[in-house]
Amino acid sequence: MSDLDPVIHAQARLRVVAALSALGDGDRITFPRLQELLAMTAGNLSVHLRKLEDAGYVEISKTHRGRTPTTLIRLSRRGRLAFEEYTEAIRALLDPTQLDPTQLGSTPSKEQS
Amino acid sequence: MEQDDDRPPADAATALQLIRDQRAATVSRLEPDARLLYWPWGVAWLVGFGLFFLRFSPDGRVLVRLPDWLPLTALFVLLAAAAVVQAVAGARAYGQVTGDSARRGRWYGCAWALGSVSVYAGLGRVSEHLPHDQAGLLWSATAVGLTGALHMAGGAIWLDRDLFRLGVWISVLNVVGAFAGPGWHALVVSVAGGGGILVAGAVARLRQRHRS
Numbered sequence: 001m002s003d004l005d006p007v008i009h010a011q012a013r014l015r016v017v018a019a020l021s022a023l024g025d026g027d028r029i030t031f032p033r034l035q036e037l038l039a040m041t042a043g044n045l046s047v048h049l050r051k052l053e054d055a056g057y058v059e060i061s062k063t064h065r066g067r068t069p070t071t072l073i074r075l076s077r078r079g080r081l082a083f084e085e086y087t088e089a090i091r092a093l094l095d096p097t098q099l100d101p102t103q104l105g106s107t108p109s110k111e112q113s
Numbered sequence: 001m002e003q004d005d006d007r008p009p010a011d012a013a014t015a016l017q018l019i020r021d022q023r024a025a026t027v028s029r030l031e032p033d034a035r036l037l038y039w040p041w042g043v044a045w046l047v048g049f050g051l052f053f054l055r056f057s058p059d060g061r062v063l064v065r066l067p068d069w070l071p072l073t074a075l076f077v078l079l080a081a082a083a084v085v086q087a088v089a090g091a092r093a094y095g096q097v098t099g100d101s102a103r104r105g106r107w108y109g110c111a112w113a114l115g116s117v118s119v120y121a122g123l124g125r126v127s128e129h130l131p132h133d134q135a136g137l138l139w140s141a142t143a144v145g146l147t148g149a150l151h152m153a154g155g156a157i158w159l160d161r162d163l164f165r166l167g168v169w170i171s172v173l174n175v176v177g178a179f180a181g182p183g184w185h186a187l188v189v190s191v192a193g194g195g196g197i198l199v200a201g202a203v204a205r206l207r208q209r210h211r212s
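Residue numbers (the UniProt record's numbering), protein chains in the order written: chain A, 1 to 113; chain B, 1 to 212.
Derived from the structure by calculation, the hints contain no laboratory data.
Model, not experiment: these values are computed from the prediction.
Beta carbons are placed, not taken as given, at the ideal position from N, Cα and C, and that holds for glycine.
The list that follows gives simulated cross-link-like pairs (lysine to aspartate or glutamate, EDC-like), each with its CA atoms no further than 16 Å apart: (1) A:Lys51 - B:Asp5; (2) A:Lys51 - B:Asp6; (3) A:Lys51 - A:Asp5; (4) A:Lys62 - A:Asp27.
Where chain A lies over chain B, by a calculated footprint (3+ residues, C-beta under 8 Å): (5) 7-15; (6) 24-32; (7) 99-106.
Which chain B residues face chain A? A few, computed with CB under 10 Å, are given here: (8) Leu18; (9) Ile19; (10) Arg20; (11) Asp21; (12) Gly95; (13) Gln96.
Construct the complete structure from the given sequences, taking the supplied hints into account.
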């Protein structure tokens, strides 16, 4: 498990990235809604988002909706790629006999640690 | 707390499960319950067009002595209620997400609104010169035809096979009803159209539950 991307390989950030990956490609979600989906405190979510932003995995933009300032969040292209690579690496670590046969063969064995 | 959730998942299986659960939870909460999107429309068609059939029945008969104004009023009130339910359910689910999906939904909504206005403006000019039963058929066949076409278009936009099929179904039964004539059209649209929308809503809900 040591080769796994350390930015994503933490429970909270994995949940953040997984939730953002479920959005449509060109979509952004507001901070309060993301917070509600993840049931995290605002402070906690901010900390993890900053780490993800520093790694270039999420894009955070501030804008206005009417007069209310809004923070919008999306997974960057790089973040999406990192999440896909992480998911594949996790699958490869699991016992191949437990895998769905359709997913076999595409899991690279070089990820094994 | 922050120390805890900064830790890696216990093992690969836990990580994969966490990913699956979080994605499923997110998708299901960012999507309105399909029943709220379909069923109010199905009920409106079933009841509204059903009353039309009972009051303005084929061959100029009256199956049930309802006031003249009741069928059309009931239909419009129920359609308006369905629109409100859909708007509220949509706003609660998608309200905090912006971007391509929101734009798609907004433009599709515009197509419904503007398309209806433009079609009805023309009908209003013509239908006053027609006998009452023919005017009724013209209005409902045009409205149902537009609905069928927009459902097919919606299926194409979201690549939703069930939505597309519903559009095909509505279009086909509209043709059948139009050929059957005044009165019969209302019966076909009520039972097959309203019923079809209710079934489509149940199917869409089953698919949602299957995914999460």
